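Participant: Each chain, written out:
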Amino acid sequence: MERERESSGGGNRGKGAARKKFKGFQPRRGRFERLGVEFLDWKDVPTLQRLCTGQGKILGRKRSGNTAYFQRLAGAAIKRARFMALLPYVGT
Amino acid sequence: MYPYEGMFLVDPVAHAADPEGVEKSVRSLLEKHGAKVHEFARWDERKLAYEVKGHKRGVYLLAHFEIAGGSIDPLSKECHITEVVLRQLLVRLDRDIPAHLERLAKYYDKMREDAESRRADRDRSSRRERDEIGEDLELPLDLDLEASE
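Taken in order, these protein sequences are the chains called A and B. My numbering numbers the first residue of the first sequence as 1 and each following residue consecutively. My numbering numbers the first residue of the second sequence as 93 and each following residue consecutively.
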């Protein structure tokens with residue numbers, strides 16, 4: 001009996017604690033602006049993989065959070081990596 | 093003469109049999125077309141994302157060189173004829189080679205930092221989750237005791 005109630009209480013509290021404090025409106029910036037990189041390298045497979053779905057499709061700006069500039073660079077870099085068989089055209 | 097970055101995917105079997113010979117033959121191919129080679133090295137050997145000419149694995153050679161614009165087409169045509177080279181990608185750089193190499197070094201430094209900080213974040217959040225669960229186990233017990241009294 002007691003055990004059940006404990007676990008349900010734990011779930012609710014966890015959600016409340018995870019909420020972030022509102023710090024005012026921030027300018028929208030992508031991950032790469034925050035990192036301070038000026039371009040994307042087409043040989044950087046781990047980074048480019050994070051911009052693709054498991055099937056190998058390029059993530060849209062809504063999903064990737066990229067700015068227009070980096071989305072263009074990402075598209076070009078992924079296509080080069082695909083040509084060199086570093087990334088799949090069609091995933092499994 | 094323009095700065096170029098070139099990657100050559102070469103036959104892993106031929107490369108395993110004679111690594112130096114294969115690398116030298118690709119390098120001499122570049123030099124034959126009048127390229128001034130700045131950097132030339134084996135980049136990686138890995139499993140390919142898809143089969144290329146029946147090969148599942150491949151060795152990548154990476155070169156940074158200067159070459160006249162008109163020589164790119166004959167060079168890539170000759171790469172197609174050469175059997176060791178399975179595929180090549182020649183990319184014109186928007187700045188000179190030392191500047192590009194510096195930029196690459198900076199880029200990979202930042203990416204490594206980012207990966208490390210992300211890993212640290214993940215460790216910290218998983219630890220916090222554990223702590224919260226520990227806390228929760230105690231509190232409802234007290235409440236239950238009061239209710240029963």
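Please note: incorrect hints may appear among the correct ones.
Said to hold, decoys possible - If you want the ones that stay clear, here's a sample from chain B, every Cβ over 10 Å from chain A, calculated:
(1) Y94
(2) L101
(3) E123
(4) H130
(5) L154
(6) S168
(7) E170
(8) H172
(9) E175
(10) K202
To be verified - 25 Å max Cα-Cα, derived PhoX-like pairs, lysine-lysine:
(11) A:K79 with B:K148
(12) A:K20 with B:K169
(13) B:K169 with B:K202
Unchecked claim - Some residues of chain A that are not near chain B, with every Cβ distance over 10 Å (derived):
(14) R29
(15) G30
(16) T47
(17) K62
(18) Q71
(19) G75
Because the hints were derived from the structure by calculation, they are not lab data. Predicted model only: the values in this text are computed from it and were never measured. Think of the CB as a built atom: it goes at the ideal place given N, C-alpha and C, for glycine as much as any other residue.
Participant: So, for every hint listed, does it hold in this structure?
Facilitator: Evaluated hints:
no.: 1; hint: Y94; result: 18 Å, holds
no.: 2; hint: L101; result: 6 Å, violated
no.: 3; hint: E123; result: 22 Å, holds
no.: 4; hint: H130; result: 17 Å, holds
no.: 5; hint: L154; result: 8 Å, violated
no.: 6; hint: S168; result: 13 Å, holds
no.: 7; hint: E170; result: 18 Å, holds
no.: 8; hint: H172; result: 14 Å, holds
no.: 9; hint: E175; result: 17 Å, holds
no.: 10; hint: K202; result: 5 Å, violated
no.: 11; hint: A:K79 with B:K148; result: 20 Å, holds
no.: 12; hint: A:K20 with B:K169; result: 57 Å, violated
no.: 13; hint: B:K169 with B:K202; result: 37 Å, violated
no.: 14; hint: R29; result: 14 Å, holds
no.: 15; hint: G30; result: 13 Å, holds
no.: 16; hint: T47; result: 6 Å, violated
no.: 17; hint: K62; result: 21 Å, holds
no.: 18; hint: Q71; result: 18 Å, holds
no.: 19; hint: G75; result: 15 Å, holds
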